[in-house]
Amino acid sequence: MSFRLPARSLFRPKVAPDQSVLAENAKLIESIERRRVLKGTLSLGALTFLTGCNISDRDSVQAFLRTISSFNDRVQSLLFDPNRLAPTYSVSQVVKPPRFNAYYEIERVKPIDLKGWNLELAGLILDKRPWSLEQIYAFPEQEEIIKHICVEGWDYIGQWSGPNLKQFLTKIGADLTAKYVVFHCNDNYTECLDMPSALHPQTILATKYAGEPITDPFGFPLRLRTAVKIGFKNAKWIRAIEVTNDYVEGFWEKQGFNWFSGI
Amino acid sequence: MITDTDPRGEKRTRRMHPLPLRIMHWINAISMILMVMSGWKIYNDEVIFGFLHFPDEITLGIWAQHALQWHFFIMWILMLNGLCYLAYGIFTGRFRRMLLPIRLREIIQEVVAALTFRLKHTDLTHYNAVQKLLYLGVILIIILQVVTGIAIWKPVQFSGVIALFGDFQGARLAHFLGMAAIVLFVLVHVSLALLVPKTILAMLTGGPRVSRRAAENADTHR
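Protein chains in written order, with the working numbering: chain A, 2 to 264; chain B, 6 to 227.
A few of these clues could be false.
Using 35 Å as the maximum straight-line C-alpha spacing, the simulated DSBU-like pairs for lysine-lysine come out as follows [what the hints assert, rightly or not]:
id: 1; chain 1: A; residue 1: K209; chain 2: B; residue 2: K159
id: 2; chain 1: A; residue 1: K180; chain 2: B; residue 2: K159
id: 3; chain 1: B; residue 1: K159; chain 2: A; residue 2: K167
id: 4; chain 1: A; residue 1: K255; chain 2: A; residue 2: K209
id: 5; chain 1: A; residue 1: K97; chain 2: B; residue 2: K159
id: 6; chain 1: A; residue 1: K111; chain 2: B; residue 2: K159
id: 7; chain 1: A; residue 1: K172; chain 2: B; residue 2: K159
id: 8; chain 1: B; residue 1: K159; chain 2: A; residue 2: K255
None of these hints come from the bench; they were simulated from the model.
So here's chain A without its partners, still in its complex pose (with noise of 0.2 Å):
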């Protein structure tokens, strides 16, 4: 019996390779599961069923629109007119009751307890005492019949009535120069408005509608209401208020939509 040898392959070295690598690495190479192995290859498997994956689950995608979303930030901030005053309407065309909008159903809104409530002021503010809603009654009261503009599409007239926010900021002594003005919430909603848009002549802290105080579905005792912002900016239930040069995400930025959201 013969064997031939095989010719020398153009590819083979002359020199045989380092083993000593493998001897230095044998616990290592040993503990290479196959069974892991088996099953990275069934997830990678299974991974390719999910064709209902939209692109933009994946994080880079996610990354590039929302730098995208920012820049429109910008060119938002660019196109408001802080003295362009959104239209008004007549009280006959008013909504009762409001629209309910929250990242909640109706049924699990938890009514605010007056006992011991107040208004906290933080942040870039002279006066942090904070307010009774007593105080905030006897605050010069501002109303507006003004549309609520949802992000999903749907609008409604409300009346709504309260302090000017500018003229409370002002009174409390906020810089306003500041950045942003943020809301913090009972629910842990949390929003963040630009200061331009929280001077303008129609943002209001709203205690009641159309004559009424504001129910518990609607932001009892203290909520937002600002003719320039998309209906989620309108923050429900305020516990708190800050004036801040940092950037606070909001509840429904985080989830991805856009910040500015100006109407």
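Start from chain A and add chain B according to the hints.
Leaving out everything else, chain B in the frame of chain A:
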């Protein structure tokens, strides 16, 4: 064979669809599809017609916020590309040459011819009256779509535009109907292109060469 260049070295012929136009056409096609798909997802959150919901398979974005992100990204591409296209069409004289004039009699004749299967489509380089009407129409509808889109994006800043459509919901309905018109156009446009595949090839490779001078003469004789 006609030479491509005259003694002065200038090109005497060029493609029916020059390269910039083809690039703009396909950018527009892709961005329009993405706008429509993301728009359907946004619509689904608050439908205008109770019977109409767009299935997730044909929408873009996992949730409405992702659809909004897409919509407000692609809008820039659509707008910038559209502005380039309009500038190109106006300043090269292409719109005047290819889309005008539109005569009612020709439209009627060609619709009748099409319905009796006698419509000829031998010369790609000249649009018939129905084509002219559809192309010009869809350009105007896309412009209107941008206007209603900006209006419902900024209904307070552009409350004057909103007033043209009654109210916010009126402008929203107009934006929806604009979408419907564009989708209808795409269906007709794509089916007709599939019937005459060389038109698709022309939009990819440029199509037949046309004489530059003939085109210019056609302009001055009109």
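Which numbered hints fail: Checked against the structure, no hint fails, so every one of them is satisfied.
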